[in-house]
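Enquirer: Here's the letter readout for the chains.
Protein chains: 2
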Amino acid sequence: MSSRPTPTIRDVAKAAGVSIATVSRVLNDAARVTEDTRDRVRSVVDKMGYAPHGGTRAVVVRRTRTLGVLLPELYGEFFSEFIRGIDETAKKHGFLTLVTSARREANEIAAAVSNMRGRVDGFLAVSPSVAARATLAEVAERYPTVLVGAGSDVGAFAALSVNNFQGAAAMMKHLLSLGHRKIVFLRGPAGQVDASERLHAVREVANWYDDCELTELSGEFRMDTAYEVVTQLLQSGARPDAIFAANDTMAVGVISAIKDADLRVPDDIAVTGFDDTPMTRYLSPPLTTVRMPIFSLGERAALRLIETLRGGGTAVPANHEILPAQLVIRSSCGAAHKMMEAAG
Amino acid sequence: MSSRPTPTIRDVAKAAGVSIATVSRVLNDAARVTEDTRDRVRSVVDKMGYAPHGGTRAVVVRRTRTLGVLLPELYGEFFSEFIRGIDETAKKHGFLTLVTSARREANEIAAAVSNMRGRVDGFLAVSPSVAARATLAEVAERYPTVLVGAGSDVGAFAALSVNNFQGAAAMMKHLLSLGHRKIVFLRGPAGQVDASERLHAVREVANWYDDCELTELSGEFRMDTAYEVVTQLLQSGARPDAIFAANDTMAVGVISAIKDADLRVPDDIAVTGFDDTPMTRYLSPPLTTVRMPIFSLGERAALRLIETLRGGGTAVPANHEILPAQLVIRSSCGAAHKMMEAAG
DNA sequence: CTGAAAGCGCTTACAG
DNA sequence: CTGAAAGCGCTTACAG
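Residue numbers (UniProt numbering), protein chains in the order written: chain G, 1 to 344; chain H, 1 to 344.
Hints may be right or wrong, so weigh each one.
[What the hints assert, rightly or not] Computed Cβ-Cβ distance ranges for the label pairs, DEER-style: (1) H:Gly311 / G:Gly49: 19 to 29 angstroms; (2) H:Gly191 / G:Ser296: 25 to 35 angstroms; (3) G:Gly94 / H:Ala106: 13 to 23 angstroms.
Hints are computed from structural coordinates only; laboratory data are not their basis. Backbone N, C-alpha and C fix where the C-beta goes; we use that ideal spot for every residue, glycine too.
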């Protein structure tokens, strides 16, 4: 369709009868320009639908005004919420967002980063696993970077994460305060940062109680795996007081498995999750879970990066910011039945 | 941190004792280079961690090898699935993905597009509303673009969408074949393309049956709105045979509302949804719905754009590709009870 | 096979 | 206030 090529700054200058320097100036509000010439240039720009070439601009001014986002995977509501937080913040400050989902392997992350060089001013890097941390640390050494969800021992880097430990601990305390003692913890994938932090918290709290009987099962953060694992557990005759799923997705599978075994939630077995995805309050029964401030996570990460970029900084100040997770008590834990108060 | 600035092609050339032209050649496999010099250059590149500046490259070769994605909003699993389809395809072909969520307004879309000029080779534009169609059409006139979900009458543009009409019609026929006659259709937002196509299909099929009693209610595609609307409906004493929610999110709210009114699904009221989001099969009862091939939507859109880009084309061949939606029968519609066969 | 040079589309001192 | 010119970091004919 587009027969005529996109106009360049030279075309605009010619049509407006000025130099390209002047065009550049009115476009960037760079220096004093007569109202007269400015108007003339502006009208030509509008007429031709001229927009400066982003690539060129980046070469000259050495800034791209775009944020590179390195993602491990793109599944579920978690990531769309996270990207939304980033993108809305970026847009507000005149930045664009360049997203790429690198896989877990170090070389793929490196490839993505090198691909993005000259196209982004800095990175928002979500850690897919403890294993990838070293690669991400290298990125952070070379470019302004905020490490997201990289775990507790990120060293001297700018980092941001949600307090998985505190959230999972609060949930365990809550279950114990309700009188549950035989607790099954359905954990996430080994090596995954969030999953392992939640696991550690659960173990620690369980240890405080002599009579707490903790069983750990792996559900891989997947609905179907969770369903199968719990179905098997129940078929084996086990009857725990409560099943704490390390994420909401698994909790859905758990509830389904319990019902299919003709048992009731929470009367026979209490169930809780983690994440507070939008659907959880509409499950039956509504799910007791831990709220992850995912939008804020994206928002804060973007904001910190943008602030150091604005200041011309070469690295984001090393500081590990930890956003609090919040216990959300609904009825799947049995709290409504036993009428206990929330143990934050 | 990064005290020394990122190396440029000049640094590499100097260190390897060759000209920058040669460095460029080995990096791009552009022309015959002695194995000897190639090796020397390669090792310097590795040592310095050199990566060519993407912006500059784009200026010279007039290609960026990146796809621009224009999104209306970023909510829920729908978009992460869609972006995943795009990004995996893009990566496979050596492209990057530049994502931006423009709002609904025409000027915001225009701003995003002009921002992306020189940074992307073409666009994947998701239509947020019938209103935005004109703006998107302008984009498609100037740049290689695939319009996604833009409705049926997109004119002479490259377009891709899911067959909402056929999907919604199949669901209506299915409900009617099960003997349901008093049907409530909980529709989506006015002006939203998917929503209006589903609505039209429902109306048309309902018209074919003299005894079909169709009631339309608006649920705005939201869980909470759906819950409220249905709660009010039931409180008013209405007892429809079935409630067809125009998306799964609303179906969750509907089921919740019915249960809270002490009624059973599907025994008292059948419920169906649309989209087949991952959680639907784990609802109780498992949801009968229509499967949207979202990942494929992203994949196909990316592929078509990449193909024309590869060929050096200036516009994606005008062709409206429509992916089929598929009826997924589970038990929330009452099919399991009445033992009827699926009406595709 | 390899280098010197022109040029991509911009911005920004430097003059005037 | 405005223009001519240098330069950003690369690629690609053009010679040799």
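Enquirer: The structure should be examined with respect to each hint, and the outcome stated for every one.
Expert: How the hints compare with the structure:
no.	hint	result
1	H:Gly311 / G:Gly49: 19 to 29 angstroms	25 angstroms, holds
2	H:Gly191 / G:Ser296: 25 to 35 angstroms	30 angstroms, holds
3	G:Gly94 / H:Ala106: 13 to 23 angstroms	19 angstroms, holds
The structure is consistent with each of the numbered hints, conforming to all of them.
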